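Trainee: First to last, the protein sequences are chains R and E.
Quick note on the working numbering: the first sequence kicks off at 1 and runs consecutively.
Quick note on the working numbering: the second sequence kicks off at 1001 and runs consecutively.
Derived from the structure by calculation, the hints contain no laboratory data.
Please note: incorrect hints may appear among the correct ones.
Computed footprint of chain R on chain E, listed as stretches where at least three residues anywhere in the stretch have a Cβ under 8 Å from a Cβ of chain R [stated by the list, open to error]: (1) 1027-1033; (2) 1040-1049; (3) 1056-1068; (4) 1073-1080.
Label-pair ranges, simulated between beta-carbon atoms [to be verified]: (5) E:1002 / R:116: 16 to 24 Å; (6) E:1060 / R:10: 30 to 38 Å; (7) E:1002 / R:27: 34 to 42 Å; (8) R:79 / E:1080: 32 to 40 Å; (9) E:1031 / R:43: 38 to 46 Å.
Just so it is clear, the structure is predicted and the values come from calculations on it, not from any experiment.
Heads up, the beta-carbon is just placed ideally off N, CA and C, and yes, glycines get one too.
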Amino acid sequence: MRRDTLEHMSLPPLPDSAIDLGVHASDWRAAVRFAGVALRRSGATRDSYTERMIQVVDEFGAYIVIAPGLALAHARPGPDVLADGLSVVTLATPVTFGHPHNDPVSVVIGLAVSTPDAHVNSVAELANVFNDPQAIPALAQATSADEVWRVIQAPTVSDDAEPVR
Amino acid sequence: MKIVAICGAGVGTSAILKLNAERVLDRLGISADVSASDVASVSTSGADAQVILTSPELVSRIPKTNADIVVIDNYFDTDELERKLEDAVG
Chain R
1 MRRDTLEHMS
11 LPPLPDSAID
21 LGVHASDWRA
31 AVRFAGVALR
41 RSGATRDSYT
51 ERMIQVVDEF
61 GAYIVIAPGL
71 ALAHARPGPD
81 VLADGLSVVT
91 LATPVTFGHP
101 HNDPVSVVIG
111 LAVSTPDAHV
121 NSVAELANVF
131 NDPQAIPALA
141 QATSADEVWR
151 VIQAPTVSDD
161 AEPVR
Chain E
1001 MKIVAICGAG
1011 VGTSAILKLN
1021 AERVLDRLGI
1031 SADVSASDVA
1041 SVSTSGADAQ
1051 VILTSPELVS
1061 RIPKTNADIV
1071 VIDNYFDTDE
1081 LERKLEDAVG
């Protein structure tokens, strides 16, 4: 699925392989790991990026839970980021991250970017998606990738700039 | 007026706070320079800031400062941001 407005978007790609809906995560670590595995499956990252996303929470706490029900799992850019990418994971049963106001979490967004500048622009673009208060409940209830893309209008392939050979 | 948005791992969630703070300040008609930084460098990046924006989870990690620390629960709730920023700078 391609979007007419693709060229205006600064969101990283969100391919079908990076969307995992209704997973069963036993705790926040498992939830973040699902988001990391989805990024790796889409070709955006290596395994070690998943572990680094978990380390961010171990080190700094649950600040990645930036809104009620939503965690933005991410780590600094590094060699284990192969391409910019997003993942979306929804949890069959919400899990607690330890945030004083925004628990429990039912939607985990995984974010990987290769440079700090891209990071700023990509995350800012997410604000445009989630400033709509309907976005998080809509994602939590999504049962198909199409429903996710309706909320997050990100590119769905990672090599848009390259001509098909 | 200088405002710094703080997150844990470099330029991550602070970018969302920065963008939404700029929107709210615009709405309030307040002119301010908003930047994004992390807890590791806040002692320099926030040295001359009047306001530090951050998550409740990170407050205890911010070193002693003269700036008002404004704690934001929902980064996407611009009404919450507007109310708290107005209190801090008004």
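Trainee: Hints numbered earlier in the text: which of these fail when held up against the supplied structure?
Mentor: Of the numbered hints, 1 and 2 do not hold.
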